[in-house]
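Peer 1: Chain residues, written in single-letter form:
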Amino acid sequence: MSSRDLILARVRRALAGVPDVEITRAYRGPSRTPGEIRLFEERVRDYRAVVHLVDEAGVAERVALSLAGRGARRVVVPAGFPARWLAAADAEAVADDPPLSAADLDAVDGVLTTCAVAIAETGTIVLDAGPGQGRRALTLVPDHHLCVVRADQVVAGVPDAVDRLAPARPLTWISGPSATSDIELNRVEGVHGPRTLEVLIVA
Amino acid sequence: MSVTFLGMPADRPFPRNAARALRDSQLRFNLRKATRTIRARRASVVAEAPDWAELREAGRTIKEHTLRNLDRYLVQLEEAVTAAGGHVHWAADAAEANGIVAALVKATGETEVVKVKSMATQEIGLNEALLEHGITAYETDLAELIVQLGDDRPSHILVPAIHRNRAEIREIFAEHMSGWGRPAPEDLTDDPAELAEAARLHLRERFLKTKVAISGANFAIAETGTMVVLESEGNGRMCLTLPRTLISVVGIEKVLPTWRDLEVFLQLLPRSSTGERMNPYTSSWTGAAEGQEFHLVLLDNGRTGVLADEVGRQALRCIRCSACLNVCPVYERAGGHAYGSVYPGPIGAILTPQLRGMGSELDRSLPYASSLCGACYEVCPVAIDIPSVLLDLRARARHPWPERAGMAAAGWVFERSGRLARLQRAGGRLRRLVPRRLPGPLGGWTDTRDLPEVPEESFRAWWDRTDGGRR
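As given, the protein sequences belong to chains A and B, one line each in that order.
So for the first sequence, the UniProt record's numbering puts the first residue at 1; every next one is plus one.
So for the second sequence, the UniProt record's numbering puts the first residue at 1; every next one is plus one.
Excised from the complex, chain A in its bound form (with noise of 0.2 Å):
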């Protein structure tokens, strides 16, 4: 017998005549209504991420100051990241076309995406590797991410979150700078992945 038809002989010898459990959902699902810009805003920067607040028109601006004072030279812009808004930025857009290595990654001075979904209630940005954002290590080996959200993008809770990603496609749920909990559980800011993160809501 193989330990496939093992283990599932054990389940089911093990379940044999226990009743089933309804699921109950009572708890608030999808809200399928805007998030709140302000909410979303103030929890981005309790995890002691950068968040600035402008409109379509000083996006490019925003961004190109961003870089210039971090001194960023060489950042990683992923296909399908709006071009106007690189337009004011003295940095060179590097592609990852063909593919950079992990060790060309780590020589670039950060990244610059959009995302797919952003929560209020929590203050997390998720990626699904869609335009503008790259595959998962673009965001992760640079020291400074700076990602811009639309406030369309923004949704009440984790619910709506989940309602709206797709799973097939591969996830990076983003909430402030990597942070450990491991030294006497105090929160600390910057271990493996980018040590800034910078958010702007383009509302």
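What the hints contain is simulated information worked out from the structure, not anything from laboratory work.
A couple of the hints might just be wrong.
[Claimed, not checked] With a Cα cut of at most 25 Å, we get these calculated DMTMM-like pairs of lysine to aspartate or glutamate:
| # | chain 1 | residue 1 | chain 2 | residue 2 |
| --- | --- | --- | --- | --- |
| 1 | B | Lys211 | B | Glu293 |
| 2 | B | Lys209 | B | Glu128 |
| 3 | B | Lys33 | A | Asp106 |
| 4 | B | Lys211 | B | Glu112 |
| 5 | B | Lys211 | A | Asp46 |
| 6 | B | Lys209 | A | Asp106 |
| 7 | B | Lys209 | A | Asp104 |
| 8 | B | Lys33 | B | Asp151 |
[Unchecked claim] Chain A residues, not near chain B, derived (Cβ > 12 Å throughout):
| # | residue |
| --- | --- |
| 9 | Ala26 |
| 10 | Thr33 |
| 11 | Leu53 |
| 12 | Ala60 |
| 13 | Leu65 |
| 14 | Ala68 |
| 15 | Arg74 |
| 16 | Leu86 |
| 17 | Ala87 |
| 18 | Ala103 |
| 19 | Asp106 |
| 20 | Arg169 |
| 21 | Ala203 |
Where a beta carbon is used, it is the ideal one built from N, C-alpha and C, also for glycine.
With chain A held as given, fit chain B onto it using these hints.
Peer 2: The following block gives chain B in isolation, referenced to the frame of chain A:
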């Protein structure tokens, strides 16, 4: 039947381990500080969720439903993972799982792997098993790194190095990092930010060059074949995305029926474990993502035995948040090592004896490692009634003979009121001769209790003599 291995030797019973831990004032200080911090954080973010009770009930019922249909969901998961280009392996016990992983790593030709923190691989002692095959496993979670460098054992589910304070961690890094790779900076202080930075530098190169990674998973979605890993540091993302081959060892109880179920667990888990609205990073992937080779190893290792137990099976609902450890007065004082298993604290006290059986003195003692205060049940995000399972296990554990003899004698005395009255009269007369500690094998009882003072006269005798105080 062989005894299920749970990552640690089970040689001494809990009371002896705990007594030793209690003499370590540094350990008690570290644990008290850490558990108090996390308790306050959890309480505040749980209070913030207006529908916490409803989420908890949904969490409980989703897990119950899944366990009751586990065979169906496991097969569905296997199909979905395979359809998405992944490979599924089944392991009946620790040895088989270790063998599967070792063979998969060998097939890549690599001798080094990076690891994401995972309870399942701790449980099966994967690192030690890989070493026998000439494969070195590098732990990348900060707390696991502290444990690995210090040649120590984990003492907490979420923060395996919770028993270490910042000064001790600095010592371990300064002394041992050089033996495993890039040494710690010369001028390393015990500032937590500096310690985290030292870990970042130590592991950076390794992440960028290692070709094989091993992880667990917090959830595996049957409907879509999606694996989900929650973490904080980014070491998980490094392991899950950069290496060419990814092997995930996942307990069979980790399966969830549908994608939608995540809306419940992505709220319950972060708030219960690190006390955050959301953990910094959550990764999910389905099958072979971004061209990676993906292997899923489904692990039984005693779980189907637990599933067969009517009372105890609820322990399989556990999502390893560790909220029960953080509120437990016994854990806070005795620490995780006293439990002699990778699963310490209240959940360990019910999970370990069920997975491993009650053959050893340690495993028989674990159901007693509790004051039954019920705080663990109250904070459990999937409402595992830990006190009830503890009581059930206590009833089944073989008790030591002096206790059995004592209980039989007490039963005989209480059977007839005359016997009790005669004993009470004798006790009253001989009360000055009763020692503070009972002799011989009965001493075990008075080791942890004061013997009540024997009154001169029983209440019944006093009532008869004075007609209820009227004479």
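Peer 1: With reference to the structure, classify each hint as holding or not holding.
Peer 2: Now the hints, each set against the structure:
Restraint check for lysine 211 of chain B and glutamate 293 of chain B: the C-alpha separation of about 11 Å stays at or below 25 Å, so the hint holds. Proximity of lysine 209 of chain B to glutamate 128 of chain B is assessed by CA-CA distance (about 22 Å); at most 25 Å being required, the pair is judged to hold. The straight-line distance between the Cα atoms of lysine 33 of chain B and aspartate 106 of chain A is roughly 37 Å, outside the 25 Å bound, and the hint therefore fails. Distance hint between lysine 211 of chain B and glutamate 112 of chain B is fulfilled; the C-alpha atoms sit about 8 Å from each other, no more than 25 Å.
Note on lysine 211 of chain B and aspartate 46 of chain A: the hinted pairing is violated, with a Cα-Cα distance of about 36 Å set against a maximum of 25 Å. Taken as a hint, the lysine 209 of chain B and aspartate 106 of chain A pair is honoured in the structure, with Cα atoms around 12 Å apart against an allowance of 25 Å. Restraint check for lysine 209 of chain B and aspartate 104 of chain A: satisfied, since their Cα atoms lie roughly 12 Å apart, inside the 25 Å limit. For a cut-off of 25 Å, the pair hint linking lysine 33 of chain B to aspartate 151 of chain B stands: about 23 Å separates their Cα positions.
Distance to chain B contradicts alanine 26 of chain A as a non-interface residue, since its nearest Cβ pair spans about 4 Å, not more than 12 Å. At roughly 16 Å from the closest C-beta of chain B, the C-beta of threonine 33 of chain A stays outside 12 Å, upholding its exclusion from the interface. With a closest Cβ-Cβ approach of about 20 Å to chain B, leucine 53 of chain A is found to remain outside the 12 Å limit, as its non-interface label requires. In this structure alanine 60 of chain A is separated from chain B by more than 12 Å, as the shortest Cβ-Cβ distance comes to about 29 Å.
The claim that leucine 65 of chain A is not at the interface with chain B holds, since no C-beta of that chain comes within 12 Å of its own (minimum 25 Å). With a cut of 12 Å on Cβ distances, alanine 68 of chain A stays outside the contact zone with chain B, its closest approach being about 25 Å. At the 12 Å boundary, the C-beta of arginine 74 of chain A stays outside the reach of chain B, the nearest C-beta of that chain being 18 Å off. Non-interface status of leucine 86 of chain A relative to chain B is upheld: no Cβ of that chain comes within 12 Å, the nearest being about 25 Å off.
The claim that alanine 87 of chain A is not at the interface with chain B holds, since no C-beta of that chain comes within 12 Å of its own (minimum 30 Å). At roughly 6 Å from the closest C-beta of chain B, the C-beta of alanine 103 of chain A falls inside 12 Å, breaking its exclusion from the interface. With a least beta-carbon separation of about 6 Å from chain B, aspartate 106 of chain A fails to lie farther than 12 Å from that chain, contradicting its non-interface assignment. For arginine 169 of chain A, the requirement that its beta carbon stay farther than 12 Å from each beta carbon of chain B is not met, with the minimum near 8 Å.
No Cβ of chain B approaches the Cβ of alanine 203 of chain A within 12 Å, the least distance being about 21 Å, so the stated non-interface status holds.
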